[in-house]
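Chains as they are written, first to last, in our numbering: chain W, 1 to 114; chain Z, 1 to 113.
In case anyone wonders, no lab produced these hints; they're calculated from the structure.
The C-beta atom is built at its ideal place from N, Cα and C for all residues, glycine as well.
Check the hints yourself; a few may be wrong.
Now the in silico label distances, taken between C-beta atoms and shown as ranges [what the hints assert, rightly or not]: (1) VAL12(Z) / ARG109(W): 25 to 31 Å; (2) ARG77(W) / THR15(Z): 47 to 53 Å; (3) ALA28(W) / LYS14(Z): 27 to 33 Å; (4) ASN1(Z) / ARG77(W): 28 to 34 Å; (5) ASN30(W) / VAL12(Z): 30 to 36 Å; (6) ASN28(Z) / GLU58(W): 22 to 28 Å; (7) LYS14(Z) / GLU58(W): 14 to 20 Å; (8) PRO40(W) / THR5(Z): 16 to 22 Å; (9) PRO40(W) / ARG44(Z): 14 to 20 Å; (10) SER81(W) / ALA2(Z): 18 to 24 Å; (11) ASN73(Z) / SER79(W): 24 to 30 Å; (12) THR5(Z) / SER81(W): 20 to 26 Å.
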Amino acid sequence: LAKTTQPISMDSYEGQEVNITCSHNNIATNDYITWYQQFPSQGPRFIIQGYKTKVTNEVASLFIPADRKSSTLSLPRVSLSDTAVYYCLVGASMFSGGYNKLIFGAGTRLAVHP
Amino acid sequence: NAGVTQTPKFRVLKTGQSMTLLCAQDMNHEYMYWYRQDPGMGLRLIHYSVGEGTTAKGEVPDGYNVSRLKKQNFLLGLESAAPSQTSVYFCASGRQSGNYEQYFGPGTRLTVT
Numbered sequence: 001l002a003k004t005t006q007p008i009s010m011d012s013y014e015g016q017e018v019n020i021t022c023s024h025n026n027i028a029t030n031d032y033i034t035w036y037q038q039f040p041s042q043g044p045r046f047i048i049q050g051y052k053t054k055v056t057n058e059v060a061s062l063f064i065p066a067d068r069k070s071s072t073l074s075l076p077r078v079s080l081s082d083t084a085v086y087y088c089l090v091g092a093s094m095f096s097g098g099y100n101k102l103i104f105g106a107g108t109r110l111a112v113h114p
Numbered sequence: 001n002a003g004v005t006q007t008p009k010f011r012v013l014k015t016g017q018s019m020t021l022l023c024a025q026d027m028n029h030e031y032m033y034w035y036r037q038d039p040g041m042g043l044r045l046i047h048y049s050v051g052e053g054t055t056a057k058g059e060v061p062d063g064y065n066v067s068r069l070k071k072q073n074f075l076l077g078l079e080s081a082a083p084s085q086t087s088v089y090f091c092a093s094g095r096q097s098g099n100y101e102q103y104f105g106p107g108t109r110l111t112v113t
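Produce the complete structure using the sequences and hints provided.
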């Protein structure tokens, strides 16, 4: 399983765009990149998943360069409620066999200030 | 649709005591998981199940046992609790096919004294 590296913490202000970059140099061909969000005293919540190029949903965008050795989670116009820990995970999808092997690192603690 | 629920929410045990944590999901998911999260750290997989009647070890299985007698329930047991098992325990479920998404419960905060 590919190891991921992401900043320990980030600070931002309301209304700004936040970009959190994750490094995964040893990503395998069939690995997907997935981001989860965790608020204090809650379980993680799925944000977005991608394989290559760009993926966008109602919450965030995920940018993946051609070599797939890194990815960037982009949160547009953050608010105070976006203060949370964000986890970048890399692993195979169900189709590669076995269970979803999620390996959580320490994540990035995002603090959004007024 | 309650999603994933966990019972109890909090528990304090003395060293050597036993207990069972219950996880239930109403989304008809095949896959279920138990994780633990220690302060300031990410989640670590304890055990998982790919279907009713099947279980398997994850990253940190020692000291824990699990059972999946019904598709919607996944039980985590501690036979002889130790202070090192003080943690927050999260249960999750996911579909057998499709994307990588796992749905997590609210967690159980366990303290072993």
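Hints, verified against the model:
1. VAL12(Z) / ARG109(W): 25 to 31 Å: With a Cβ separation near 28 Å, VAL12(Z) and ARG109(W) satisfy 25 to 31 Å, so the hint holds.
2. ARG77(W) / THR15(Z): 47 to 53 Å: For ARG77(W) and THR15(Z) the Cβ distance comes to about 49 Å; the hint holds.
3. ALA28(W) / LYS14(Z): 27 to 33 Å: 45 Å, violated
4. ASN1(Z) / ARG77(W): 28 to 34 Å: 30 Å, holds
5. ASN30(W) / VAL12(Z): 30 to 36 Å: 44 Å, violated
6. ASN28(Z) / GLU58(W): 22 to 28 Å: Since the Cβ atoms of ASN28(Z) and GLU58(W) sit about 25 Å apart, the hinted range of 22 to 28 Å holds.
7. LYS14(Z) / GLU58(W): 14 to 20 Å: 47 Å, violated
8. PRO40(W) / THR5(Z): 16 to 22 Å: 19 Å, holds
9. PRO40(W) / ARG44(Z): 14 to 20 Å: Since PRO40(W) and ARG44(Z) have Cβ atoms about 19 Å apart, the given range 14 to 20 Å holds.
10. SER81(W) / ALA2(Z): 18 to 24 Å: 23 Å, holds
11. ASN73(Z) / SER79(W): 24 to 30 Å: With Cβ atoms ~37 Å apart, the hint is violated.
12. THR5(Z) / SER81(W): 20 to 26 Å: Given about 24 Å between the Cβ atoms, the range holds.
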